[in-house]
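2 protein chains.
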Amino acid sequence: MSSQPPHAAVLIPGPIEFDDAVLQSMGHYSESHVGPAFVAAFGETLTMTRQLFQSTDPSAQPFIVSGSGTLGWDMIGANLIEKGDSALVLNTGYFSNGFADCLKVYGADVTFVNAPVGSRPQLPEIQAALKGKNYKIITVTHVDTSTGVLSELKNLSRMVQETSPETLIIVDGVCSVACEEIAFDEWGLDAVVTASQKAIGCPAGLSISYFSGKAIETVKSRKTPVASYFANLLNWMPIMQNYENKKPSYFATPSPQLVRALNTALKQALSTPLSERFAKHKEVSDKVKEAVSDLGLKQVAGNVEDQAHGMTAIYLPDSVKATELLPILSKAGVVFAGGIHKEIQPKYIRFGHMGVSVMDPNRPEIDNAIAALKAGLTQLGYLV
Amino acid sequence: MSSQPPHAAVLIPGPIEFDDAVLQSMGHYSESHVGPAFVAAFGETLTMTRQLFQSTDPSAQPFIVSGSGTLGWDMIGANLIEKGDSALVLNTGYFSNGFADCLKVYGADVTFVNAPVGSRPQLPEIQAALKGKNYKIITVTHVDTSTGVLSELKNLSRMVQETSPETLIIVDGVCSVACEEIAFDEWGLDAVVTASQKAIGCPAGLSISYFSGKAIETVKSRKTPVASYFANLLNWMPIMQNYENKKPSYFATPSPQLVRALNTALKQALSTPLSERFAKHKEVSDKVKEAVSDLGLKQVAGNVEDQAHGMTAIYLPDSVKATELLPILSKAGVVFAGGIHKEIQPKYIRFGHMGVSVMDPNRPEIDNAIAALKAGLTQLGYLV
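Those protein sequences? They're chains A and B, same order as listed.
Position 191 (the first sequence) corresponds to 191 in full-length UniProt numbering; numbering is contiguous.
Position 302 (the second sequence) corresponds to 302 in full-length UniProt numbering; numbering is contiguous.
Wrong hints could be hidden among the right ones.
Within a straight-line C-alpha distance of at most 20 Å, the following computed EDC-like cross-link-like pairs (lysine to aspartate or glutamate) qualify [as the list claims (entries may be wrong)]:
1. B:K136 - B:D109
2. B:K223 - B:E125
3. A:K223 - A:D85
4. B:K287 - B:D306
5. B:K223 - B:D109
6. B:K136 - B:E125
7. A:K220 - B:D101
8. B:K280 - B:E290
9. A:K223 - A:E166
10. B:K374 - B:D306
11. A:K136 - A:E125
12. A:K131 - A:D85
13. A:K104 - B:E82
14. A:K282 - A:D294
15. A:K287 - A:D318
16. B:K223 - B:E324
17. A:K247 - B:E125
18. A:K223 - B:D101
19. A:K282 - A:E166
20. B:K154 - B:E305
21. A:K83 - B:E82
22. B:K83 - A:E82
23. B:K247 - A:E166
24. B:K223 - A:D101
25. A:K131 - A:D101
26. A:K136 - A:E181
27. B:K220 - A:D101
28. B:K104 - A:E82
29. A:K154 - A:E166
30. A:K280 - A:E152
Distance windows between CB atoms, simulated [what the hints assert, rightly or not]:
31. B:T47 - A:P225: 35 to 41 Å
32. B:N155 - A:R222: 42 to 48 Å
33. B:N245 - A:K154: 32 to 38 Å
34. B:K342 - A:S3: 43 to 49 Å
35. A:E343 - B:S2: 29 to 35 Å
36. B:G333 - A:P225: 40 to 46 Å
Stretches of chain A that chain B covers, calculated by requiring three or more beta carbons in the stretch to come under 8 Å of a beta carbon on chain B [as the list claims (entries may be wrong)]:
37. 85–91
38. 166–173
39. 245–253
40. 294–301
Note that these hints are calculated values from the structure, not bench results.
Owing to the predicted nature of the structure, the values given are computational and were not obtained by experimental measurement.
Glycine included, every Cβ here is placed at the ideal spot set by N, Cα and C.
Work out the full structure, taking the sequences as your base and the hints as a guide.
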């Protein structure tokens, strides 16, 4: 039984429901950010971040910084882009566009590989783009939270390495880390940026990122200074290295409470093999998607291989308005999200199924949500 | 009685000890960042931020963003500085220098008005500097956490307005907001940047800032784009305005738990007149400083009028090493901070007395800390 007060289950694609122990860590009594107990906890958290990315490469570097997932985009733009550098952005929706907007602020010359809403750019067209120009970075939104489209990373990264080996492979993993497989070293990724409040299962407030040695060297060998102070990886790197070596260090004050909560969440996530965690997310996702199909509804992500496993974006029947359905679901104790992709915004809703709601067998909220969705559609006259 | 587990009292100049209710809010169950309950709480928190700055000017704008206090510097640099703009930095120590470093990243041409360690630049020399050049901004570190030096804002801002009315007056209030008086409108300030974990009494993780209408207009009328994505005030402004008007809005995911905790902390801070809060901090500060003096010790901030009321930086006797004293205090359940100003780093310690430790009459930790300091100095042979 949860020790939390009764509340509507938050099944949006982040923030997600939290485990009791994680929320208890959020209320940790005050401690010095440079005291030995917190330094040890922060250091351990950084080491667990390596495990989360299935990485053992000592030249790779985790960063845990107060901020939101969006700050991760600035970490890429401010550090890896110099004015005029070319960036190839694989566009799967709202969040790919946002990432591109951020890169442009730092002077990137952005080229898109676009795809129709609900699908993703395919390897041949991406390869053609890479052959046509030298790109410093290629960015891919692993799961675009606006559409539930999953991008494929393994074959993509192999193709990029063969076609344009200098190009850095950058992943927006905000809605994928801890629910979709990421083998950072094996796939040869150069950066993954994510946030605490999605499948990792820690409340919002932390930007979590992971950079390859090659990416770090790129920052160090810039011709112009890094274009930010707070998002400058070189300001944070000695701090992260010291904390991981259990030495106090200061650049900007971390949040002991959020880091304690992340520590608890990562311990839980790593308590079983990651392969089992990913398989469980796929199993529950399959159940959700089957239920959606049984209700006669279509997903925004059309092809099975393009469908994320931590969320489902669902087209509504023509007769049902999101603005009517969502309040009915909320009254039934289930919080879904509305649409956010501007081309289809009023036509769909988003159902997040990540983290503790998926992994804890005592949590009934996924099944309850499926039942509530059915009941809501019945109430609105779509189902009889 | 506190419901927190027994722990050493954190009496560093931030993070500080937290009230039980604030820590309980940190463990708030999950909620959607765009759901009505959270939107109402965030909106109310923004309105309370106006009250904290004693501001009723509707053109002024509060910002509450996931990040640390340092992010506030970037908000100033990225938004108010264009390449080559002149900034006059009043230098009172480590944090004034850090602020200047940040401004330089965004292209500022920085001029310092320096002062010997433990004092602050004086009005005549500041005025002379303002007369010699057109400065777009002047920055003042209200309390420099590295030295405990308090800067005077009221006469300073009047002088700046008379001498150089176009110059924007920017205050680093990280270690002053909620323990030193700030009358934002009355004094004609243009921006104050602060953080959650000091006198405001909420755990670290939020950058809190307040900008005048004049400052916002300056951002809007830039010749070049704002030099950051995450720290771009124009990205955040409609979001903050919508939340304050109780309308959901999205740019980057806020932290519901941290905002709930800030809401609780601000309600507590505003439950008595701010004048009483400032007077209580002065009363306790006077007690601490008298005890320090009675022990035969000197403060880093030499003159009474330059001494902060939320912290005390204390020179150690020649015979006592900080590296010996601090662990003894820690064993006695009192966490002080070491020195951080590079010219005097090993010679002094810092004692924070802000927030609940000062305001809650049931909290014995300030008196305990004074006693522990005396006992520690005795143990190390300084006092007999």
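Hints versus structure:
1. B:K136 - B:D109: Holds. K136 (chain B) to D109 (chain B) sits at ~10 Å (cutoff 20 Å).
2. B:K223 - B:E125: 31 Å, violated
3. A:K223 - A:D85: The hint holds at about 12 Å.
4. B:K287 - B:D306: 16 Å, holds
5. B:K223 - B:D109: 17 Å, holds
6. B:K136 - B:E125: 18 Å, holds
7. A:K220 - B:D101: 18 Å, holds
8. B:K280 - B:E290: Holds: K280 (chain B) and E290 (chain B) sit about 15 Å apart, inside 20 Å.
9. A:K223 - A:E166: 17 Å, holds
10. B:K374 - B:D306: 25 Å, violated
11. A:K136 - A:E125: 18 Å, holds
12. A:K131 - A:D85: Answer holds: K131 (chain A) to D85 (chain A) is near 16 Å, not above 20 Å.
13. A:K104 - B:E82: Status holds; Cα separation ~17 Å.
14. A:K282 - A:D294: 18 Å, holds
15. A:K287 - A:D318: Roughly 24 Å separates the two Cα atoms, so the pair is violated.
16. B:K223 - B:E324: 54 Å, violated
17. A:K247 - B:E125: 41 Å, violated
18. A:K223 - B:D101: This hinted pair holds, its Cα atoms lying about 19 Å apart.
19. A:K282 - A:E166: Not satisfied, since the Cα-Cα distance of roughly 34 Å exceeds 20 Å.
20. B:K154 - B:E305: With Cα atoms ~13 Å apart, K154 (chain B) and E305 (chain B) stay inside 20 Å; holds.
21. A:K83 - B:E82: The given pair, whose Cα atoms are some 16 Å apart, holds under the 20 Å limit.
22. B:K83 - A:E82: 16 Å, holds
23. B:K247 - A:E166: With a Cα-Cα distance of about 45 Å, the restraint between K247 (chain B) and E166 (chain A) is violated, given a limit of 20 Å.
24. B:K223 - A:D101: Within the cut-off at roughly 19 Å; holds.
25. A:K131 - A:D101: 24 Å, violated
26. A:K136 - A:E181: 25 Å, violated
27. B:K220 - A:D101: 18 Å, holds
28. B:K104 - A:E82: 17 Å, holds
29. A:K154 - A:E166: Given pair K154 (chain A), E166 (chain A) holds - Cα atoms ~17 Å apart, limit 20 Å.
30. A:K280 - A:E152: Holds. K280 (chain A) to E152 (chain A) sits at ~19 Å (cutoff 20 Å).
31. B:T47 - A:P225: 35 to 41 Å: 39 Å, holds
32. B:N155 - A:R222: 42 to 48 Å: Distance hint for N155 (chain B), R222 (chain A) holds at roughly 44 Å.
33. B:N245 - A:K154: 32 to 38 Å: 46 Å, violated
34. B:K342 - A:S3: 43 to 49 Å: 47 Å, holds
35. A:E343 - B:S2: 29 to 35 Å: 53 Å, violated
36. B:G333 - A:P225: 40 to 46 Å: Holds, at about 45 Å.
37. 85–91: Violated, because only 0 residues of the region 85–91 of chain A bring their Cβ atoms closer than 8 Å to Cβ atoms of chain B.
38. 166–173: violated (count 0)
39. 245–253: holds (count 4)
40. 294–301: Contact hint for the region 294–301 of chain A vs chain B: violated, 0 residues under 8 Å.
Of the numbered hints stated above, those contradicted by the structure are hints 2, 10, 15, 16, 17, 19, 23, 25, 26, 33, 35, 37, 38 and 40, listed in ascending order.
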